[in-house]
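K.L.:
Chains R and Y supply the protein sequences, listed in that same order.
FYI, our numbering numbers position 149 of the first sequence as 149, with every residue one higher than the one before it.
FYI, our numbering numbers position 100 of the second sequence as 100, with every residue one higher than the one before it.
No lab work stands behind these hints: they were computed from the structure.
If you're wondering where the values come from, they're calculated on a predicted model, not measured in any experiment.
A virtual CB, placed ideally from N, CA and C, is assigned to each residue, including glycine.
Check before you lean on any hint, since a few could be wrong.
[Claimed, not checked] Facing chain R, a subset of chain Y residues (Cβ under 7 Å, in silico):
hint	residue
1	14
2	17
3	18
4	20
5	25
6	31
[To be verified] If you want the footprint, here are the derived chain R segments under chain Y, 3+ residues with CB under 8 Å:
hint	region
7	222–228
8	257–265
9	384–390
[Claimed, not checked] Just a sample of chain R residues kept apart from chain Y, beta carbon distances all over 12 Å, derived:
hint	residue
10	35
11	171
12	342
Single-letter residue listing:
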Amino acid sequence: MLTLRTAYLQLLRWPLWQCGLRPFFLAGAAVAALYVPAWLAVLGGRLRAPAFPGGATAWHAHELILGFGLASVIGFSLTAVPEFTSARGFGRRISLGLFALWLGARAAAAAIVLIGVWPLALLQTALCLWLLLVLTRAIWQDPARRQLDLWAALAAVLLAATLCSLDLAIGSVLFADPLAGLRLILHLMLLLIVLTLARISMRVVNRCLEEAGAEPDYLARPPRRHIAALLIVLHALAVLAGAQGVAGWLGLGAGAASLGLLGDWPHTRVLARRWVALLYTLPWLLGLGYLLDGAARLGASIPPSAGLHVLAVGALGQGAFVVFCIAGRMHIGLSPDEGRWLPLAALMLLGAALVRALAGIAGLHALPLWWCAGFLWSSGFALWLWRGGVDLARRRGDGAWGCVGPRAPE
Amino acid sequence: MTLRLLRAWIAWLWSGWSAAAGLALLVAGWQLAAERLGPLLLPAPLDAFARLYSLLEAGVLWPEFLVTARRALAGFALALGIGCAAGVLAGISRAGALLARPLVTVLLGMPPIAWLVLALLWLGSGDGTPVFTVCAAALPVVFGATLQGMLTRDTALSAMARAFGLSWRLRVIEVELPHLLAWLFPAATTALGTSWKVAVMAELLTSSDGIGAALADARTQLDMTTALAWVLCVLLALLLVEYGLLEPVKRELERWREVAR
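Isolated chain Y, as found in the complex:
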């Protein structure tokens, strides 16, 4: 099992070459724009990578990164837990779904900056504000997907599982959960991306530490290279988590679809 997972993970990583080619194309576009606009407006990619490395060497990168990661992941975990539980509860009955739908619309429509202002008034300028804002921004995405997953369950399949005398535990694991995860995983990937973005934004406006605060510092000093280095740091972390962890897990969990085909 472990060996198979390891092989699948390596195969997945190998298939990332095409994604790397896409990223190289993007960076080539950045390079072209940098050559046209000049280093004051847009530093070259290599300069930004070099600054990122110098931040790492100076020991500045990790502390700020860990602060932001802690806030983003805490907010994301809260959103995932609450969103899943609420989505399942709302999806169990049609009445619950009817009640929850406008709630999803309202929550999705609420701009994260509005949550940020409210959180700042309620929780002050500590960790609570970014964590709350991240949770509020990611929650409707997870909640909506879980609810939709619950509503689109194959009831005939559940009935057949019951008719064959499958235990409650097996029914959940083998029938309900794979279907739900197929809805949840794309939403979780989107929510994770949102979490990073909102965490950095919240820090930029309310905190004195974290990547957002470092970005604010770079902005006040008009240091475009450092600002881009911090942006790169966030993007690299996001790519690493999404392509190195979430996508392989998603593929593994959705393997049953390939077998079914």
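Chain R with its partners taken away, still in its complex shape:
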């Protein structure tokens, strides 16, 4: 018992737990880099997928949304919520506990054939509800309650993930099938991207404008963001209800509203700066994904998965990558990475989304395009793990602790 406690205390001393984003960004990128090749091997008949409820496709979607997507959301929220609410950061025990649950859930998903669905469902439920409790406390401690929209989006993601996990165990009582619940979570994660993009982009773009000697007057106006958020939520609900036609029109609306977000951006040379360019691609990917999704639902000759993959591979993947690169450096005490690998990795992710969307369109052979998209996506995240991710496991070089930004040299 003493040995176990000593081991636990030693584990707690690892630099990995000093900031919530560290383990989750690393784990998210690892899932992205490993699970997609595994899925391609399943498609190619070289690997057998776990006997997951809903079949192999449900396993693929489940692990990428609740493995990769949820890890990114957890890492981001554990760092962003204290920062946005000016609250104290979450402790190492919370990071370690949540990560243990997340890792346990991944192991349970892999061993589902041996242990059944319940361990996976219970671990994910515990993970989501604990995180929701922790985040709610932090957001409610802010007397001004400035982050209620962020809280609502996070709560929606976590509650949907909880319901989806429990529904897996009780046999699709709440949702028509496991994929329906996962689609809902994906759309709610995209809603989170729309809400947080404004906060991140205003900081990044205005800083770049200042550096370029221009007036830092970029303002992500709330009305456009609210319209996009409303349409994404309505679209998600219509998809969940199985109202194909209504979901189609709302998909077109969500696409238009996402492209409308670009109206606020300064269309000047500042867009060529890497951080601005990375963020600028997100409304494009959201817009394109929702337009394709809506058009497919209204009967256009587009495979239904094209839009969905632009949203998942493109918007969610690129969104997570941008956060990994910006927050994942700043909150471990490092200045932004100016390496050439970064735009290359971003282009790989962008290429993956577009190539995956092309699969099935205009009679193109799907399998080579799937392989190409999978290779680009997993390579992009593998590149980040190699060049940026390793720093997350190291001690801070500036002597500071936690998630605080880089300490100015004395």
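Since chain R is already given, all that's left is putting chain Y on it; use the hints.
P.N.:
Then chain Y, alone, in the frame of chain R:
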């Protein structure tokens, strides 16, 4: 100048994405209602769009559309010309304004259908009836706005312009006109919408051609899909003129307000 206008127009069109999102929300509501009510009462939006396209392909759409557009725009142009001139004249003096105010109330209160009956008796069932009815319905809106614009002019600003020795032409263009246009443009947008609606209504009751007459045909055949296709045609034309032409012009003309801020 041309390049700047083109850029401003493109920026304006780009900002239309949010408006497109609003329209998609409206069509989603239509789709939901269509699924609840069934195709006999309310056809689905895609069916109406498909019928609109088939009308276009069959060469039926353009002739009817052009007839209605001619009548609506002729009536609108007449209303704009007469309404502006009369509004300016009435607004030049306070006495004129006092005399004109009850006139605006009476004209605004007169239902377009009453004008239609009168026009039918006076002018018969040609182009004159819809054009007259459109003009009568749109005129008070333009007249009232022009009058109000004239009455709310900044006389101190005009006096300053005179004191600085600005020519009559420059005073009108640089001082009076921007203020007047700020009143006139919203009214003109409303009047244009009214013109289309009244033109279609007038055609429905009095003409054998135009979109209104086509709507009447669809009604007699209980063809809801075709009726909705014609309604869509009118609405799309209205959206195109308002958002593609009137709004960018309005923004350009009101740019001085942004600069002043």
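K.L.:
Quick one: which hint numbers does this structure break? Sort them smallest to largest.
P.N.:
Failing hint: just 9.
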